[in-house]
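Asker: Hey, can you work out the whole structure from these sequences and the hints?
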Amino acid sequence: MALSPVKFSSMRHIWASLRRALVLASPGIVLLCFWQFASGRLVREAYVSKPTEILKRLFELFYTGEIWPSLKVTGQELVLSYVIGVVMGLLLGYALGRSPRLASVFEPYVMAFYGIPKIALAPLFVIWFGIGIWSKVMLAGTMVFFLVFYNVYAGVRSVDREIVNLALVLGANERQLGRQIYLPAAAPFLLLGMRMAIPYAVIGVIVGEFTSSVVGLGLFINYASSTYDPASVFAGIFILLAFVMVMNALASRLERRLLRWQPSMHSVPSEPN
Amino acid sequence: MTETGTTNSLSFKGIQQSFPGPNGEAPTPVINDIGFEVQQGKFVSVIGPSGCGKSTLLQMAAGLLKPTGGKVFHNGHQVTSVNRTIGFVPQQAQLLPWKTMIENVEFPLLLRGVSAAERRAKAQQAIDKVDLSGFEAHYPYQLSGGMQKRTSIARMLVYKPDTILMDEPFGALDAQTRMVMQHDLQTMLATEGASVLFVTHDITEAVMLSDSVVVLSRRPARILAEIPIDLPRPRDMFEPHATPGFAEAYDRVWSVFRSELKIKRAA
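So the protein lines, in turn, are chains B and Y. The letter at position 109 of the first sequence is residue 109 when you use this note's numbering, and the numbering goes up by one with no holes. The letter at position 227 of the second sequence is residue 227 when you use this note's numbering, and the numbering goes up by one with no holes.
Because the hints were derived from the structure by calculation, they are not lab data. Everything numeric in this text was worked out from a predicted model, so none of it was measured. Careful: at least some of the hints might be erroneous.
Counterexamples of contact, computed for chain Y against chain B with all Cβ distances above 10 angstroms [said to hold, decoys possible]: (1) G24; (2) Q125; (3) R218.
With a straight-line cut-off of 20 angstroms between C-alpha atoms, the simulated EDC-like cross-links for lysine to aspartate or glutamate are [what the hints assert, rightly or not]: (4) Y/K66 - B/E66; (5) Y/K42 - Y/D162; (6) Y/K99 - B/E162; (7) Y/K99 - B/E53; (8) Y/K13 - Y/E226; (9) Y/K160 - Y/D131; (10) Y/K13 - Y/D33; (11) Y/K66 - Y/E37; (12) B/K56 - B/E66; (13) Y/K160 - Y/D202; (14) Y/K99 - B/E45; (15) Y/K42 - Y/E168.
Just so it is clear, CB atoms sit at the ideal spot from N, CA and C, and this is done for glycine as well.
Answerer: Listed below in structure tokens is the structure:
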């Protein structure tokens, strides 16, 4: 035998994942090619720039270090708002989910606040929390909070009364009910909320920076667009996209770790043939 | 409370239960003065038409439901709060989907603060008893209905309760699996020596497993008859009709049970 079966199967595995990656990337590649072609032919380049131009600009931004201060501040705001929003959402969602009495008092309030378009509050947040990072952290954090809160709340409330009763007979006390039943049962909901909240964190931070700031990616994009520099606008947007993709990848890893008990976690999208 | 019946694992005395009607209407009586005993080491089945409150009796013995009237005693002590010393096998297996099979079996021991090594060892014993070795690392969704049921039984056996409540545990299984489970349950119980209160609507099952069958009426439920079954053990679960005395025992239960169905048809 020239090729051991292990080696053969691992090679086949690599080939399969390569093919999957190619299939996944192809619409993006097609879009970029079309963009490159259309720019200057179908649409004026001054309106839409073009991929090679944006790539050049991105390289410049990183090479000269021009973008680093913005990146650092926006990154800080994103991480802070996300962590604060998730933690608060988890705590409050869990508390209200476990206590019908608390919920009956506070649910209408939370519901009312949920309905307020947070974006409209951006100028107020600047007045309240200043022009620095905290106005952005609070704005984005609020948006993250509501998404996580509602999902965790729903998750805790969805726990089957019968399984709780059974756990009680099997010997669980209140603390153990929380740790062993309610929290794990709410985990899929928490992760769903966390995933949904990622783009909202980005929107909140960028809108906050648009409204008023001294440094940050939002300001960078805002400045570029008001000086008719589409290459810089798109460069900024691609950096944001990278942020979202990294956060999504982290969320997926967390999901795989925490939810490996779910059947759907194992069903890889099947290959045709 | 010192009302003790020393040889009784469970005793129901003058149980009344009614549930509030919808929209504040008058409460619906569900159980009307039920009293019976499960003697130590005995297997007692409760059968009755569906919706007659059979499961409600188990809920009371588990301390999950306070009867509107009457008292339930477990080993001579009145049940007033959640009964953590009793074994419970619910209708659905009710495994925790985020725990592997062996972790599910260990669960009651985990709640009792037993050390990891001891948990593992005891869980393994229980798993061997229900014949599930080799599937310890599986998650519940990876187990068949019968295997989930076995896990649920192992989870109950692992803390060695002296009294076991079973709520139509085999109802959802296919006929073949059910017979195997009945057979295995009989074998397990022969070594455990536990008392069992078993709820079912299957007369054959009740007769084949029990030392005594309690027949309930339609709602509001009362006891129509308490029929002792003295077929010799071990009984062959796969061939009930070939078991000497089975037909007579079945007829005694059925004749009482049938009266309830007749009323229903006339109504």
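Asker: Each hint should be assessed against the structure and marked as holding or not.
Answerer: Here's how the hints hold up against the structure:
For Y/G24, the requirement that its beta carbon stay farther than 10 angstroms from each beta carbon of chain B is met, with the minimum near 19 angstroms. At roughly 17 angstroms, the least C-beta separation between Y/Q125 and chain B is larger than 10 angstroms, which holds for a residue marked as non-interface. Even its closest Cβ contact with chain B, about 25 angstroms, leaves Y/R218 beyond 10 angstroms, as expected for a residue assigned away from the interface. Distance restraint check for Y/K66 and B/E66: the Cα-Cα separation of roughly 71 angstroms exceeds the 20 angstroms cut-off, and the hinted pair is therefore not satisfied.
Between Y/K42 and Y/D162, the direct Cα distance comes to roughly 11 angstroms. Compliance with the 20 angstroms bound is thereby established for this hinted pair. Restraint check for Y/K99 and B/E162: satisfied, since their Cα atoms lie roughly 17 angstroms apart, inside the 20 angstroms limit. Among the hinted pairs, Y/K99 with B/E53 is inconsistent with the structure: their alpha-carbon atoms are about 53 angstroms apart, more than 20 angstroms. At most 20 angstroms may separate the alpha-carbon atoms for a hinted pair to count; Y/K13 and Y/E226 meet this at roughly 15 angstroms.
Taking the CA atoms of Y/K160 and Y/D131, the gap is about 17 angstroms. The hint holds against a cut of 20 angstroms. This hinted pair checks out: Y/K13 and Y/D33 have alpha carbons roughly 8 angstroms apart, not beyond 20 angstroms. Annotation: proposed proximity of Y/K66 to Y/E37 holds, straight-line Cα distance about 18 angstroms (limit 20 angstroms). Proposed proximity of B/K56 and B/E66 is supported: the alpha carbons are some 14 angstroms apart, at most 20 angstroms.
Straight-line distance between C-alpha atoms of Y/K160 and Y/D202 comes to about 27 angstroms, which puts the hinted pair past the 20 angstroms bound. Proposed proximity of Y/K99 and B/E45 is contradicted: the alpha carbons are some 57 angstroms apart, above 20 angstroms. For the proposed pair Y/K42 and Y/E168, the alpha carbon gap of about 18 angstroms is at most 20 angstroms, so the pair holds.
Of the numbered hints given earlier, the model fails hints 4, 7, 13, 14; all others are met.
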